[in-house]
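Line order of the protein sequences matches chains Z and B.
If you read the first sequence in our numbering, its first letter stands for residue 2, the second for the next number, and so on.
If you read the second sequence in our numbering, its first letter stands for residue 360, the second for the next number, and so on.
FYI, nobody ran anything at the bench for these hints, they're computed from the structure.
The reader is advised that the hints may include incorrect statements.
Calculated cross-link-like contacts (lysine to aspartate or glutamate; reagent style EDC-like; alpha-carbon spacing at most 20 angstroms) [stated by the list, open to error]:
hint: 1; chain 1: B; residue 1: K446; chain 2: B; residue 2: E391
hint: 2; chain 1: Z; residue 1: K383; chain 2: B; residue 2: D407
hint: 3; chain 1: Z; residue 1: K15; chain 2: Z; residue 2: E5
hint: 4; chain 1: Z; residue 1: K383; chain 2: B; residue 2: D425
hint: 5; chain 1: B; residue 1: K499; chain 2: B; residue 2: D447
hint: 6; chain 1: B; residue 1: K486; chain 2: Z; residue 2: D20
hint: 7; chain 1: B; residue 1: K465; chain 2: B; residue 2: D407
hint: 8; chain 1: B; residue 1: K499; chain 2: B; residue 2: E445
hint: 9; chain 1: Z; residue 1: K15; chain 2: Z; residue 2: D3
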Amino acid sequence: MDIEAIRADFPILKRRVHDLPLVYLDSAATSQKPQCVIQAEVDFYSHHNAAANRGAHVLAEEATEAHEGARAILADFVGAKPDEIIFTRSATDSINMVATAFANATMYAQQGLPVDARFVLNPGDSIVVTELEHHANLVPWQELCKKTGAQLRWVTVSRDGSLQIETLESLVDSRTKLVAWTHVSNLLGHQIDHRPFVAAAQRVGALTLLDACQSVPHMSVAVPELGVDFMVWSAHKMLGPTGLGFLWGTRQALAAMPVVETGGSMIAQVTMESSTYLEAPAKFEPGVPAMAQTVAAGVAARYLMTLGMAHVESHVRQLSAYAAARLGSIPGVTVLTSADGDPVSAVSFMVDGIHPHDVGQLLDSRGIAVRVGHHCAWPLIKALGVPATVRASFSVYSTHDEIDQLVDAVIACQSFFSRALSHRGA
Amino acid sequence: MQGMVEMMSIEQMYQDIILDYYANPVAKGLREPYQVEVHHVNTSCGDDITVRLAVQGGALKELSWDGVGCSISMSSMSMLAEAVAEKDLATFDTALAEFTRLMHGKGVVVPDELILGDAVAFAGVAKFAARVKCALLGWKAVEDAVTRIKGSTDD
Ligand SMILES: Cc1ncc(COP(=O)(O)O)c(C=O)c1O
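All chains, full assembly: derive it from the sequences and hints.
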């Protein structure tokens, strides 16, 4: 990959902050967007804007074609069929939709209405997650348990950042209805082997949900091969627009899943008494969709596929390895990794004696953007026994030179604080 | 030149005196006796503070704290402890109001040194919106502790 050519595609990378060139190392929070993605929204609004999937005029047809075309590209991107891709507001929204579907099914069952028993939660049933989940893949399940009396269980994380995966065998039992876990950790950055989770869930007939927010942007993910029932991710982390997420489900799972939000465009027939619904994806997409965003997301997926996901993955893995090695060689810097695997595209670290927030501030003063704090994975932070971390994360446009600048800035940060702290008190 | 601008702004925030208090905290380490204990966290970054306080004869007594956080939140707590310990509640209220005014002043408010003491050093921090919460963490915790004590003695 020609990184300089790629960088030229991202207008924001020409920006200066504090009068210095921007060094953007926060792509795990949200990635930057290439001009073609930005332009796709402009073009849609400038030339094709109309409500997709309704209307009998040229613009409506064009809008529908562009919108459904984007669905086909996104499906292709993850090796799926277009009708298995549901457009949502975000990955968070996608997870909440599945959680709400469980809650709805449970209420329907209580009223004797026909529902697929796999979505029904009774007191004593369980949902299994891991301790390293992003809050988005934890809190909705906590709430669902509260509503239904089901029990939340989790695979714990050891101090070395590894999952105690052998406990899955006893955690997942005949009362388990759902197993949900993340594909790539947003904090430790490593990839998690999906196979033990899928095997444990299949053994008992539980549904499975994979949080692929940090994997799909950086590696080739062929979702049908994973054996999961649902997968979620966000457009804004894969060079795409904000405000758009995805829920992929197998046809069987989407057919069995009760409707969540209801309204126009998702109905088959409506009378004053009741309605019937279309099949997925329309079943889960009421209202006029976020068309400019779906179209732009399609362009983002194309952009990544043109680069080649194998190249993207090897680029970010190289950067992560380089960052981990260089940061780790600075005395007083600890790189947090998982014994379960090397980081894909994000590296967390801590600087002895300097709080991550202060490190982040010093880095910002040099134009370097990183994330500091608990990274929406508070339980994992506690399990690792650290107060917070600094996280540098990478994307297609990140360079070794940026990591060198990060390393220099971390060293400068150590000297800034040691100077400031040592010449008094002493 | 650019380097100068950069160091000036970062040093505006990390005033020597702020780092001084960070290195040499005041009233740190939870102590007995106390009337209330409050626990506050900065939900965006995980900074965490526990404050113990007693009020006797209308004055703040036995103020002690412990916590984990950045230099801004920790030094702010120390300066606060130094500024208001043994002072009456009205003095605390005035200081809280002045400190809050300063921190919400986007860096253009000139603080009253008579009221805030060393805490005027936080004027530079007020320019960094993301750090205002850090500076206010301890103040909010003590305010909460005072409110609880007042509430329990009013009825
Ligand atoms: C692993 C993981 N899951 C879920 C999310 C939530 O994504 P969003 O905020 O786009 O809904 C994130 C975003 O930080 C993430 O990193």
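Taking the hints in turn, this is what the structure says about them:
no.	hint	in the structure
1	K446/B / E391/B	19 angstroms, holds
2	K383/Z / D407/B	13 angstroms, holds
3	K15/Z / E5/Z	12 angstroms, holds
4	K383/Z / D425/B	18 angstroms, holds
5	K499/B / D447/B	17 angstroms, holds
6	K486/B / D20/Z	17 angstroms, holds
7	K465/B / D407/B	24 angstroms, violated
8	K499/B / E445/B	18 angstroms, holds
9	K15/Z / D3/Z	17 angstroms, holds
Of the hints listed earlier, the one the structure fails to meet is number 7.
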